[in-house]
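Q: What follows is each chain in one-letter form.
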Amino acid sequence: MKNKILIALVFFYFFQFAIAYCLDYLFLKSKIYKSAVIFSSTDLLKEKDIIIMGGSNGLVSYETSLLENNIKKKVYNLSEDDTNIQIHLLQLKLLLKKEITPETIILNIGSLGSNLSRNVLRYLPILGKNHDFDMLFQKHQTFNYYMYRIFPILKWGMYNNDLLYPLAFNIIKSNRYKHRFNEDGEYTYPNLKSSILSDDYEFIELNNENETLNEFKILCLENNINLIIVNTPYYKKKIKWNNSDNKVKNYSTLYANKPEYFYDNLHLNKIGKKEYTKQFIYENFSLNK
Amino acid sequence: MWDWRFTFLLLTSTLISYIGGYYLNNTNNDNYRKAIMRLFIFLSLSILLYFKYFNFFIESAISLLNSFGLETNQHTLEIILPVGISFYTFHGISYIMDIYYRRINPHNDIVAYSLFVAYFPLLVAGPIERASHLLPQLDIKRNFNLEVIKPALSLMFWGFFKKLVIADSAGMIVDDVFSNYQNFSSYSLIFGSILFTFQIYADFSGYSDIARGVSKLFGIELLLNFNFPYFAKNMQDFWSRWHISLSSFLNDYVFIPIALKFRDFGKRGIYIAVFFTFLISGIWHGAGWAFIFWGILHAIFYLPQFIFSNKKLKSLVVKTNTSTYGFNDFVNSTEVFLLVTLALIFFRLPGISDGFNFILEITKNWDRFSLNEIARTTTHIIVLTKSILGILIVFILEFILFKNNLQIENLLTKIWHYLCIAFLIFLLGSFENATQFIYFQF
Numbered sequence: 515m516k517n518k519i520l521i522a523l524v525f526f527y528f529f530q531f532a533i534a535y536c537l538d539y540l541f542l543k544s545k546i547y548k549s550a551v552i553f554s555s556t557d558l559l560k561e562k563d564i565i566i567m568g569g570s571n572g573l574v575s576y577e578t579s580l581l582e583n584n585i586k587k588k589v590y591n592l593s594e595d596d597t598n599i600q601i602h603l604l605q606l607k608l609l610l611k612k613e614i615t616p617e618t619i620i621l622n623i624g625s626l627g628s629n630l631s632r633n634v635l636r637y638l639p640i641l642g643k644n645h646d647f648d649m650l651f652q653k654h655q656t657f658n659y660y661m662y663r664i665f666p667i668l669k670w671g672m673y674n675n676d677l678l679y680p681l682a683f684n685i686i687k688s689n690r691y692k693h694r695f696n697e698d699g700e701y702t703y704p705n706l707k708s709s710i711l712s713d714d715y716e717f718i719e720l721n722n723e724n725e726t727l728n729e730f731k732i733l734c735l736e737n738n739i740n741l742i743i744v745n746t747p748y749y750k751k752k753i754k755w756n757n758s759d760n761k762v763k764n765y766s767t768l769y770a771n772k773p774e775y776f777y778d779n780l781h782l783n784k785i786g787k788k789e790y791t792k793q794f795i796y797e798n799f800s801l802n803k
Numbered sequence: 412m413w414d415w416r417f418t419f420l421l422l423t424s425t426l427i428s429y430i431g432g433y434y435l436n437n438t439n440n441d442n443y444r445k446a447i448m449r450l451f452i453f454l455s456l457s458i459l460l461y462f463k464y465f466n467f468f469i470e471s472a473i474s475l476l477n478s479f480g481l482e483t484n485q486h487t488l489e490i491i492l493p494v495g496i497s498f499y500t501f502h503g504i505s506y507i508m509d510i511y512y513r514r515i516n517p518h519n520d521i522v523a524y525s526l527f528v529a530y531f532p533l534l535v536a537g538p539i540e541r542a543s544h545l546l547p548q549l550d551i552k553r554n555f556n557l558e559v560i561k562p563a564l565s566l567m568f569w570g571f572f573k574k575l576v577i578a579d580s581a582g583m584i585v586d587d588v589f590s591n592y593q594n595f596s597s598y599s600l601i602f603g604s605i606l607f608t609f610q611i612y613a614d615f616s617g618y619s620d621i622a623r624g625v626s627k628l629f630g631i632e633l634l635l636n637f638n639f640p641y642f643a644k645n646m647q648d649f650w651s652r653w654h655i656s657l658s659s660f661l662n663d664y665v666f667i668p669i670a671l672k673f674r675d676f677g678k679r680g681i682y683i684a685v686f687f688t689f690l691i692s693g694i695w696h697g698a699g700w701a702f703i704f705w706g707i708l709h710a711i712f713y714l715p716q717f718i719f720s721n722k723k724l725k726s727l728v729v730k731t732n733t734s735t736y737g738f739n740d741f742v743n744s745t746e747v748f749l750l751v752t753l754a755l756i757f758f759r760l761p762g763i764s765d766g767f768n769f770i771l772e773i774t775k776n777w778d779r780f781s782l783n784e785i786a787r788t789t790t791h792i793i794v795l796t797k798s799i800l801g802i803l804i805v806f807i808l809e810f811i812l813f814k815n816n817l818q819i820e821n822l823l824t825k826i827w828h829y830l831c832i833a834f835l836i837f838l839l840g841s842f843e844n845a846t847q848f849i850y851f852q853f
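First to last, the protein sequences are chains A and B.
Residues 515 to 803 (this note's numbering) make up the first sequence, in order.
Residues 412 to 853 (this note's numbering) make up the second sequence, in order.
Just chain B, same shape as in the assembly (with noise of 0.2 Å):
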């Protein structure tokens, strides 16, 4: 949510973030930075905690409580979710670290500092920018290009074709069978699940794309945040493509550092790093058992692949050859397809439980099967055909974006390309079904 007041509060953030960097500069003593670094780390960790996660530990311990039969009297505080909260914290924590390891100097300006930090495009739903990589784009004097107005175009259409066709139409079908789960076959519930796959990929990648647009417009570049996830041939590959501005700080920040400290663990100590990391990316999207359940998930899909091979594990994050796309890659991407899917049952309801009793839904109501069910009046035929025209649109062109390593900028250069992508909106568009943004939450 957003109020006027919540800006004391980015500015207090931002601060927080600001004087940290301005002492860690002043000192070389390890042991002192290394304590300032903690310091102002928690200060601006336990604004989000405070906010976030207060009522969630709250009525975690609670529930601990009775479960033990031990009476205690609920006592939660009505607190609201600041808009974009989880991103600009992460602007300060990249800030503070990348200050810390020496890869940049704290900066004098404070205007364009807190520009960094509250950077409007990408405030609410990210993606998360380092320090090294934007402020120094904020420092320099950018003149307004007719030259970037192509790509900047071409991204911004395509992340609301992306939103507009696919997320919101499939939205529809989703928000039926993920909220009425009990009264659809199985055949409808894998679908529906499968239909979120492409509603969250949609959704989520399509602001990225805008964000990255609108930025380019001012002549700033944004980190990439998706690179066809789903065509990643394991999950480590995945998870190089997906919210890869999230997966690839968490990588720097918490896998690599706990790596490091368990380093004397051999292998159990990696992936003890992965099993944290994943955790902490649960916990981060969201103040919730199923975000924790699908992060620990998560871990326990990618360390597999590690456990049984002699494969050396140095990154969480690393990408696979796209040139040598073949039959036995496309079989391995439904798998993690698959997979990933599986785990967002969990992200999409609202409790673990509900998400264990979806799967058994699914396994129970083989013998009912309608398509009547899901297609059941013309507005949802109407949708449902929407959104499989998008999601074929998108995946065929962006597998010959994947197959040939170019972005959709690459592609769509020419006039006619916006005016043809403009048309397919306006013909394919759900705008009467438009939601906000699914990562608008976190």
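Bound conformation, chain A alone (with noise of 0.2 Å):
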């Protein structure tokens, strides 16, 4: 009887591993999240001139066909909602090490917290296949880290409205789901009727003397990257930059008295998009200047 209880304990644990392995894989061949574009798109990404990261600030601020069609470059938007910077950087080592160097990185600063966000969630299934990643995970949740790894079937049920369900839509609609964003990578917020705007103003103070973001600038000073780095348009927010060494562009207050360019204090809306758009295009490129 305790024979077979063994036996079936570590037909289980090894069980665990080949479901959570099938389950990994079909991920990181899938576009369901940005995680998993960098690796089932590598070739897609390696032809752009230029990637914009960022949180969801970038995601919403850029119109991909404006930028392109008066830059003539190829862009991709691989901004990634509630992500920071240690997660930018994390994507800038992946895109490294799948050997893509665009032209131009636009990096979109809306935080520097030395946190994980919430949506390192979706890089879970690249835990123990990526050392960058897995230092990363280990350094901010060591517990979870090697739970994860004894037992990675654990990620799947833990995150499974994240991870789990995405995947099956995705199954459901042969390869096509994809989590908030378009072909190019960007998302939209609608132009709603009645406002949600706040009118406190705030103000967020940014070192640019931070550890991670001096890692960004030399990664890409190594591979001839340029990079911009810019703070999208707020309402009623004020980004002020410590030991700023005035690379950095900040758009923060750029649309304070236009609230109609306005989803939330934090996003633009369609309309907040083109014309940013059109501004951001002509103040760093000059073809049309």
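Worth flagging that the hints you see were computed from the coordinates, not collected in a lab.
Please read all numbers here as calculations on a predicted model, not as lab measurements.
Be a bit skeptical, because a hint or two may be false.
[As the list claims (entries may be wrong)] Computed Cβ-Cβ distance ranges for the label pairs, DEER-style:
(1) Ile521/A with Asn739/B: 51 to 61 Å
(2) Arg787/B with Leu580/A: 24 to 34 Å
(3) Thr789/B with Leu780/A: 15 to 25 Å
(4) Glu719/A with Ala833/B: 43 to 53 Å
All residues carry an ideal CB built from backbone N, CA and C; glycine is no exception.
Dock the two chains into a complex; use the hints.
A: Dropping the structure here:
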């Protein structure tokens, strides 16, 4: 009896490894999240001249087709909502590992937090397969790191809302399901009739001497990537940089008096996105000046 | 909240009831015994009253004075509600009452008695145990037995399923609806209220199942706290099946004594006893007018079946026959379910006015209907689907159990049953939205 239980336990232990491995494999073949896009669309990304990175601001602020038509370059938006500089740096390392070196990276910064943002879970399928991610995850979530390494199936159960079911949708929709982004990697907030804007003014301080940001800059420099650091427009929020080297394009107050351009205080809507993209092209690329 | 200093509070509460029991046993004079019983119950309750209700009374008194135009300075204390205080206080009271009614003898072993008061599986959310039921089990030598593992695992897996699949999934939608109820249509508000009725059942009965399962591992049987309440045929039946440990406690120690006190008033005396019992039930749940109103509503829903019939009300809790459940019974159960849902709106919202506003919004917004209101993101769609699937699984299984007069530990007996439930928890559980049990706050 004891032997049977032992055999069953060993079987289930290896079985969960096999299931998790298959799920990881299917995930990295999909385009559900940007984390999967880096692995499944390597060739597509290699063709791009400009890659936009950032959190939700980066995701909703650029009209890719407008950029491409005006500057005659190929652009992809790799921004992911609810991520910060830690994830952006990880993305850059993953790109470089895949030998994806775009001409320019537009890095949109909303916060420089030292904690891992919630959506790090979207990278869990590469746990154990990528040293940079393993180091990052182990540093911030040591217990979870070992738990998911020993029982990889747990990450799929724990985040079934964000990983397992989107993967199931993807299989149902013949590999076409993408979580809040289109073929160009962008997402658009609608123009709301009733405003959800707050009139409370807020200052956000960011420090240019941030360790992770510096690492990002160095990696770009080493790989001949032109880096443009940007703060996208906010409504009634102003970003102030400490120790600024004046290389940051701070547009946080660009539309301070244009509430009609915003979906909420942090994100542009469809109109704002178009106007901002035009302004961004005008200020940063000389073709239409 | 928990703080190490609250250990002294637990110790004080334990000592009060222990000493009370000792003095009760040392006299045969009925008047003297009654005085001792009242004194020690007052002492036990005073701790609960101070920590749970002090600020509520002060704030209520101030707003009452203000409404008469008398200006007062708001002066409340920053009192933290210690975890489990309602439950261990009631354990102590049950001990004193059981000795007073000579159901048990005082316990000599203070360590075993302390274990009864602070027994960990039920310290934070019950069931409220009776001294006459739990204390004798602590006295006997218990050996670990492989046979108890099966029912214990059944209960624990079932409890985790209810909590992680239904309560935590439904909670995300319910929180959305109740926190912004002004922005939802009537349909969404009704749906949200019904979902909360399922959520609170899954949350609370889930905890009770886990507590009973954990306890079984130690060879200790806890009282059954939920017995398929949403299949109840009337409100009396409902209260015989919902939070049974509290309703039977209130029946024995509040309803019956008050009913006896007012026996000369005939039926009106019984109605007064019902009203006070539900009032106390509301107050026990929390220091807020919304809980009190919830209790009053239940009294209002409970009484008509006796006012308009010749049925005699001898006990607050009387179960009905389960084997003959037909279509008429289903209609009655639905009626009970909707009344419970209506009362729970006040239970869920912070104030009585919020409850009425919520109901007003239900009556106003019939013209706009959109599924996107509730299922507005992919995550919401997933969570909603999971909770509905979970509700279907639980209620189909529980109906089978209810019809056959069985409990879950009689149904889930094989290892593959546990594996199936574990697999379903893995697939349908909402681990990321996991919240603490609703009844922890009481």
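Q: Each hint should be assessed against the structure and marked as holding or not.
A: We went through each hint and held it up to the structure:
1. For Ile521/A and Asn739/B, the hinted distance range of 51 to 61 Å is satisfied, since their beta carbons lie about 53 Å from each other.
2. Distance hint for Arg787/B and Leu580/A: a CB-CB separation of about 28 Å, consistent with the stated range 24 to 34 Å.
3. Checked against the given bound of 15 to 25 Å, the beta carbons of Thr789/B and Leu780/A, roughly 21 Å apart, stay inside it.
4. A beta carbon spacing of about 48 Å between Glu719/A and Ala833/B agrees with the range 43 to 53 Å that was offered as a hint.
Of the hints listed earlier, there is not a single one the structure fails to meet.
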